[in-house]
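Going down the list, the protein sequences come from chains A and B.
Heads up, the final residue of the first sequence is numbered 324 in this note's numbering, and it's a clean run with no missing numbers.
Heads up, the final residue of the second sequence is numbered 172 in this note's numbering, and it's a clean run with no missing numbers.
Please note: incorrect hints may appear among the correct ones.
[Unchecked claim] Under the rule of at most 20 Å between Cα atoms (straight-line distance), these lysine to aspartate or glutamate pairs were calculated in the EDC-like manner:
#  : chain 1 : residue 1 : chain 2 : residue 2
1  : B       : K110      : B       : D126
2  : B       : K94       : A       : E179
3  : B       : K164      : B       : D68
4  : A       : K309      : A       : E192
5  : B       : K94       : A       : D281
6  : B       : K110      : B       : D163
7  : B       : K94       : A       : E278
8  : A       : K309      : A       : D292
9  : A       : K252      : A       : E179
10 : B       : K100      : A       : E161
11 : B       : K94       : A       : E301
12 : B       : K100      : A       : E300
13 : B       : K94       : A       : E229
14 : A       : K252      : A       : D314
15 : B       : K160      : B       : D32
16 : A       : K309      : B       : D126
17 : A       : K309      : A       : D281
18 : A       : K252      : A       : D186
No lab work stands behind these hints: they were computed from the structure.
All of these numbers come straight from a predicted model, not from anything done at the bench.
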Amino acid sequence: MEGAAILDELRARFGGAVVETHDHRGDHTAVIEPGSILPALRFCRDSAALGFDVLMDLTAVDYSKYPGREDGARFEVVYHLYSIAHNHRVRLKVRVDEDHAVVPTAVPLWPIANWFEREVWDMFGIRFDGHPDLRRLLMYEEFVGHPLRKDYPIDRRQPLIGPAH
Amino acid sequence: MGVGSFFTSKLDEAIGWARKYSIFQYPFVTACCGMEYMATACSHYDVDRFGAGLPRFSPRQADVLFVVGTISHKMAPVLKRIYDQMTEPKWVVAFGVCTCTGGFYDNYATVQGIDTIIPVDVYIPGCPPRPESVLDGLMKLQDKIATQVQRY
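Produce the entire structure from the sequences given, and follow the hints as far as they go.
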């Protein structure tokens, strides 16, 4: 299915919950309302015409110092979906405020989301509601802060952790 | 000082001479410097000329810890533990600029020099160091081992 047709399918099903859509060099993106992201992901996976059986990537972007994005939601959580059967892709985004940085988890839909979401929590401090085990993935337990946030000082030193027990 | 001290200083020399040609290294290889380490260890440059040809992959059997490559904060306790498991006498070589100072990884993840965790005897800078610098560092380590005063 063509990317534009995938976006049409999403708009037809979710209407106003699709905040905006765009495409760049053949990569099609839909920005979804936070409340509808889980139904939208489930629809992408279960609809026979879409059939997105692979969550290629789940990541986040901090727009706090991005020109033109100073006001509005600070973060975007980005889902890259791929269908093996149809060989097509789509990208879904959901905008997340700093004050209420919570997104419903995608682990029940794609188990791979488990580690992706742990990484996003570790690096950006975005929590995933309903995640079975939301611990840091890359950094160690004693680490303070979330290093890929744009306001994390680049030269900040963390206390060295001692030998394990 | 008398005959006794003459005797022990000669014994030190003999032990140092023996030790400097029987370096059993533990390669703690974490990053790209490992390729240069392998190039140095292989026949073209041949660390076996310096008696360092047998890497031991157990810290209990090794006496020189080669830290080769970037050490992250998460890896730091592992490195410390490996060092603690080695028996005396032991020496540490910081191989490459990442282990010396953190290198260009001045960020949240990287230890800014392994000497913040364990003592270091020889620093070999370079990104990665050429085999000639590694051999130079190895010979400096041999000098250090040979002249070391033993604790009896």
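(request) Go through the numbered hints given earlier and state which of them the structure violates, listing their numbers in rising order. (result) Going through the list in order, the structure violates hints 1, 2, 4, 8, 10, 13 and 14 and respects the others.
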